[in-house]
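**Q** So the chains spell out like this:
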Amino acid sequence: MSVKFKPPIGKFSQINGKCISLVGDDIDTDRIIPARFLKCIDFDSLGESVFDDDRKTLKGNHPFDLETNKGSSILIVNSNFGCGSSREHAPQALMRWGIKAIIGESFADIFYSNCIAIGIPCFTLPKESIKKIQKYLNIKNLFLEIDLFESTAKAEEFKFDLEIKETSKKMFLSGEWDATLKLLENKALIENKLNDLPYIKFNNN
Amino acid sequence: MSQDTLFDKVWDLHKVANLPGGSDQIFIGLHLIHEVTSPQAFGALKDKNLKVKFPQRTVATVDHIVPTDNQSRPFKDNLAEQMINTLEKNCIEHKIKFFNIGSGNQGIVHVVAPELGLTQPGMTIACGDSHTSTHGAFGSIAFGIGTSQVRDVLASQTIAMNKLKVRQIWCENKLSTGIYAKDLVLHIINQLGVKAGVGFAYEFAGPAISELSMEERMTICNMSIEGGARCGYINPDEKTFSYIKDKLFSPKNENWENAVKWWKSLVSTDNCIYDDVFKLDASKVEPTITWGITPGQSIGINQKIPSLNEMHPNDQFIAGEAYEYMGFKPGQSIKNTPIDVCFIGSCTNGRISDLRVAARVLEHNKVAKNIKAFVVPGSEKVAKEAKEEGLDKIFIKAGFQWREPGCSMCLAMNSDKLIGNQVSASSSNRNFKGRQGSPNGRTLLMSPAMVAAASITGKVSDVRDFINK
Ligand code: SF4
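Chains A and B are the protein sequences, given in the same order. Residue numbering for the first sequence follows the numbering used here, starting at 1 and increasing by one per position. Residue numbering for the second sequence follows the numbering used here, starting at 1 and increasing by one per position.
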């Protein structure tokens, strides 16, 4: 866990790392980071609290506690991962634990856009492929090389064609996932929009 | 691809540009902030040396961390004090309107904005909170965003987003007596599942929806996110307009006429196109209660907890987890499940009409022995109105604790928490593992009326036995 945290910056197209699997559908953001850890004004200390309740319940047997998973950076999950609260604390906690990319059957909307906004690409694979990876991970470690441009994940034994939204893919390849400055480039258009919207006028009481 | 729905019209109106990556840049008409998801966004602005672009388009209140017993400052909880303090400082520094405790307008952000008339049809509304979908009850397009997007809205009043698809959920007929909006929305989520809404905006429509009051409509849209839909909305009608009229921030005088005219023009046209339509018969809905660990795992009061072989294979894994966590067995009745804690409040069901309904059930009744029951009004306004009507006295006389406004045990960031594996009957929106503050605490979601009924018997009970008497 004591990986020194460096946030991603700019464009990237390659993520290589060890996989960690977390089996279960509908894993919500309250489980990823319980609400008591939201009492903070920065995200710095969240890494160690990721899945705190689940880990305490499993007393050392949670995937995020297992020795074999140390140093992992690619998270393998099932369906509707990250449902529930919009708390960006959830992907921030995962990122600060060491997660750099997530591959799953499906993701909840807000969680997905939070991941994109902080530089964690989320890919989808069919249920069978996820199962295959998770089964393999029960026995051995798996290192994947993810190529964003090609949308593939490769290991000695496997090759998967990953799915990722075209817009998200472009954002990582161009570095635009860190959106603020890009949005501000359209300053004039934004101001025009403000002046055009009917309700701005009639709310001028 | 949907066409001519309210969603399409509002989206197109707010589109600023096509971004090179392929998503749309969307203007946010109203930005709501609170203490939990905004400090890091202001921090990021500072790091990037940016200012808040249109401070008058953001409104703040404090809700998640506020204690609901003793609200004197500084709060006993240092971290909570630090958070409210940070919000206060940020609002002053960036000239953002802030409804603080004691202002008369503080409360849960999704309760406060509608009651101030800030929420209006045709707006895009964003907030660092998933239940922002609530505001869709007025025919606005409202959705939750994360902290990085809060930063983007502060800096540019826009975000990058892909357009959603639109599913109409048509609710035929009417709800029966003793059945409420909460039952209907739990039923909808159960029927469609908790992931069906991913990538969709939900348009709730049909006779059962038109029939609902604005507060009930908010309950429906509030829980869109529990069905996976980032946003849910209802086409505005006369009820919508009369709710908004004469509120603090509603359009006044000749502006009012113009506003109503424009609002009417936004309604989904008769021959609009939806990406999907789902129909259900609202008259068939029973008092509905969750038995599991997702808001989709619910049943009617007289039904039995389903067994694995009655479920779609995709739902079996989480059901197995739910049996184990909740301590329920398949085939068991939900009725008469013993309860430890009763909570009435939250942005789903903490409004004045919710309190009225619950108070009506509680009048001339007493909370069962050993039950901790408390009511947390959704806002200072709700609390004031309830007191004027004497509802607080009814609650207290029955054995409820009457608290100050906030989110409270909906997510347990203050000191209101379940202890150990206590079971709560809760009018809130999430029954996730650990949601109410104890890693093995158990939550049964239901309507406020059903919570009131459970408080009297100490067990899950059919509220119709109380109101038909
Ligand atoms: S009441 Fe609950 S769901 Fe609503 S904003 Fe507060 S914590 Fe979130």
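Rather than coming from a laboratory, the hints here were simulated on the basis of the structure. Here the structure is a predicted model, which is why all the values come from computation and not from measurement. Just so you know, even glycine gets a beta-carbon here, dropped at the ideal spot from N, CA and C. Heads up, a few of these hints could be off.
[As the list claims (entries may be wrong)] Stretch-level coverage of chain B by chain A, calculated; a stretch enters the list once three of its residues show a Cβ under 8 Å from a Cβ in chain A:
| id | region |
| --- | --- |
| 1 | 24 to 31 |
| 2 | 93 to 103 |
| 3 | 344 to 353 |
| 4 | 357 to 370 |
| 5 | 386 to 396 |
| 6 | 409 to 418 |
[To be verified] Here chain B is said to cover these stretches of chain A; the calculated rule only asks that three of the stretch's residues, wherever they fall, bring their Cβ under 8 Å from a Cβ of chain B:
| id | region |
| --- | --- |
| 7 | 24 to 35 |
| 8 | 50 to 58 |
| 9 | 102 to 109 |
| 10 | 172 to 180 |
[Unchecked claim] Beyond 12 Å from chain A on every Cβ pair, some chain B residues (computed):
| id | residue |
| --- | --- |
| 11 | Glu172 |
| 12 | Lys195 |
| 13 | Asp237 |
| 14 | Ser242 |
| 15 | Phe278 |
| 16 | Asp281 |
| 17 | Gly300 |
| 18 | Ser333 |
| 19 | Asp340 |
**Q** Please go over all the hints and tell whether each is borne out by the structure.
**A** Right, here's what the structure says about each hint:
no.: 1; hint: 24 to 31; in the structure: holds (count 3)
no.: 2; hint: 93 to 103; in the structure: violated (count 0)
no.: 3; hint: 344 to 353; in the structure: violated (count 0)
no.: 4; hint: 357 to 370; in the structure: violated (count 0)
no.: 5; hint: 386 to 396; in the structure: violated (count 0)
no.: 6; hint: 409 to 418; in the structure: holds (count 3)
no.: 7; hint: 24 to 35; in the structure: holds (count 8)
no.: 8; hint: 50 to 58; in the structure: holds (count 4)
no.: 9; hint: 102 to 109; in the structure: holds (count 4)
no.: 10; hint: 172 to 180; in the structure: holds (count 4)
no.: 11; hint: Glu172; in the structure: 28 Å, holds
no.: 12; hint: Lys195; in the structure: 4 Å, violated
no.: 13; hint: Asp237; in the structure: 18 Å, holds
no.: 14; hint: Ser242; in the structure: 17 Å, holds
no.: 15; hint: Phe278; in the structure: 18 Å, holds
no.: 16; hint: Asp281; in the structure: 27 Å, holds
no.: 17; hint: Gly300; in the structure: 22 Å, holds
no.: 18; hint: Ser333; in the structure: 24 Å, holds
no.: 19; hint: Asp340; in the structure: 19 Å, holds
In summary, the structure is inconsistent with hints 2, 3, 4, 5 and 12 from the numbered list given earlier, while agreeing with the others.
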